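As a plain string of letters, each chain reads:
Protein chains: 2
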Amino acid sequence: MTIHAPSRETFEARLRQIGDARYHDKHPFHQLLHSGGCTPDQVRAWVINRYYYQTRIPMKDAAFMSRVTDPNLRRIWRSRIEDHDGTEPGTGGIARWLKLAEGVGLDPDYVASEVGILPATRFAVDAYVRFVRDEPLLPAVASSLTELFAPKIHSERIAGLFEHYDFANAETMSYFQNRLKEAPKDVAFGLKWVLDHAVTQADQDAAARALTFKTEVLWAQLDALYSAYVEPGRIPPGGWQPGEGLL
Amino acid sequence: MTIHAPSRETFEARLRQIGDARYHDKHPFHQLLHSGGCTPDQVRAWVINRYYYQTRIPMKDAAFMSRVTDPNLRRIWRSRIEDHDGTEPGTGGIARWLKLAEGVGLDPDYVASEVGILPATRFAVDAYVRFVRDEPLLPAVASSLTELFAPKIHSERIAGLFEHYDFANAETMSYFQNRLKEAPKDVAFGLKWVLDHAVTQADQDAAARALTFKTEVLWAQLDALYSAYVEPGRIPPGGWQPGEGLL
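Going down the list, the sequences are from chains Y and U. Numbering-wise (full-length UniProt numbering), the first sequence opens with residue 1 and increments by one. Numbering-wise (full-length UniProt numbering), the second sequence opens with residue 1 and increments by one.
Hints are not guaranteed to be accurate.
For chains that are exact copies, the list does not tell them apart, and a pair is met inside one copy or across any two.
Pairs of lysine to any residue residues, derived as SDA-like cross-links and limited to a Cα-Cα distance of at most 25 Å, are as follows [said to hold, decoys possible]: (1) K99 / F167; (2) K181 / P89; (3) K99 / N72; (4) K99 / V68; (5) K185 / H154; (6) K181 / P40.
Because the hints were derived from the structure by calculation, they are not lab data. Just so it is clear, the structure is predicted and the values come from calculations on it, not from any experiment.
Please put together the full structure from these sequences, using the hints given.
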């Protein structure tokens, strides 16, 4: 019997195993999307709903920064907000996402209005923002570590969309191309921070729970999309109706 | 009898009148400081306690951004955090404040440790962060408008400190010199935003209350300093004791 927490390597492996088991690249919606099996309207529904997640990420990061007393940690974290909000109008990840929206035939003003977002998308995403605002810093950082698994899904997505869909071009795919550069930098910092700060078994458990929670936030969004627009295809009241918001 | 809110001009005059009546440039501690009447230890006590306020400003701004859904508003607001936290280690307003700390003979690591901050300083500053996190966006922005009155106090402070204290030089005064450039840009945006958004009498009242609250946050910090280190000069348990934290 030992009173020591598992080693850094064992703990990192535990975190990575959560991604192997639960990251949303395993979700059938993504398999449909990446293999070219989505209809144009299913792609549009994904773009509309995922926009809500994109816009809340910098709010989540600001909520985190609002609780950080160390100017150095805040400064490093701030680059995440810059990546999404950009440095001037029309730049940054959210603007790039709206280029994708245009590419799939949606009016970017409609998408930006957040009309038609599935309620289940809002509930899941808002739960993530609240989690980062309310939980201790260690689980807050740990919840960002799904980015460990993001480069693989972005690479698959870029390849799959280019292969199967006419809308894929350098401009519409620029969001994902940029994330390939941004996410590894963020997650290298976040992973080291979590490994450094999770010094007890209870810390490691809390971090693992936070990462698990985050995989649930991502998965729930795809479940909602699938239910509304694939199978059974029952769009809930308030959800986007095909034909709305087109260019 | 009219159901219209007072005009934009009348409302702005109401906000400015709050500064005329209640801004902390009227506090006897500042008059003592700017006239050269502070002892070195009183200056140090001010530097130590004001540091806490400086560090919480970017947390307050991040709390605000965490509630803003408009990427454009977030991007504009983000520059406030950059001004305080800088773009790399050793830059930004907080680092400049630590240069002032060194200049008055304090160990910057001691000041950054936040040991010795008066509890009343914490209570007032923490109330401000909570206010911005919890209140609607209009009062949250309005509470920042004490910056309308800041250039005057910064100018008086720079002149007064240069005239009366040996520690005043380009490096130790750089915090205030930079604020002379930064604050007018921030407050021009904030004032326009508040004037644009306070469209009803109730809005104007809420904004005026928020600005009044903020003047109270600033004033309470100087009352605590005065009580602990000037008159009666009774340092509460936990407060900085002269001699501690020196270089």
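> How would you label the pair K185, H154 (within, between, both, or neither) given a Cα cut-off of 25 Å?
Replying inline: Cα proximity of K185 and H154: one copy only (15 Å, versus 39 Å across).
> Checking K181 and P40: alpha-carbon separation at most 25 Å within a copy, between copies, both or neither?
Replying inline: Close neither inside one copy (28 Å) nor across copies (51 Å); limit 25 Å.
> Can you tell me if K181 and P89 fall within 25 Å by alpha carbon in one copy, between copies, both or neither?
Replying inline: both (21 Å within a copy, 23 Å between copies)
> Is it within a copy, between copies, both, or neither that the alpha carbon of K99 lies no farther than 25 Å from that of N72?
Replying inline: between (33 Å within a copy, 16 Å between copies)
> When no copy is named, should K99 and F167 be tagged within, between, both, or neither for a Cα gap of at most 25 Å?
Replying inline: within (11 Å within a copy, 54 Å between copies)
>> If the cut is 25 Å between Cα atoms, do K99 and V68 qualify within a copy, between copies, both or neither?
In response: Answer is between: at 22 Å across copies they meet the 25 Å cutoff, but 33 Å inside does not.
The structure fails to meet hint 6 from the earlier list, while all remaining hints are met.
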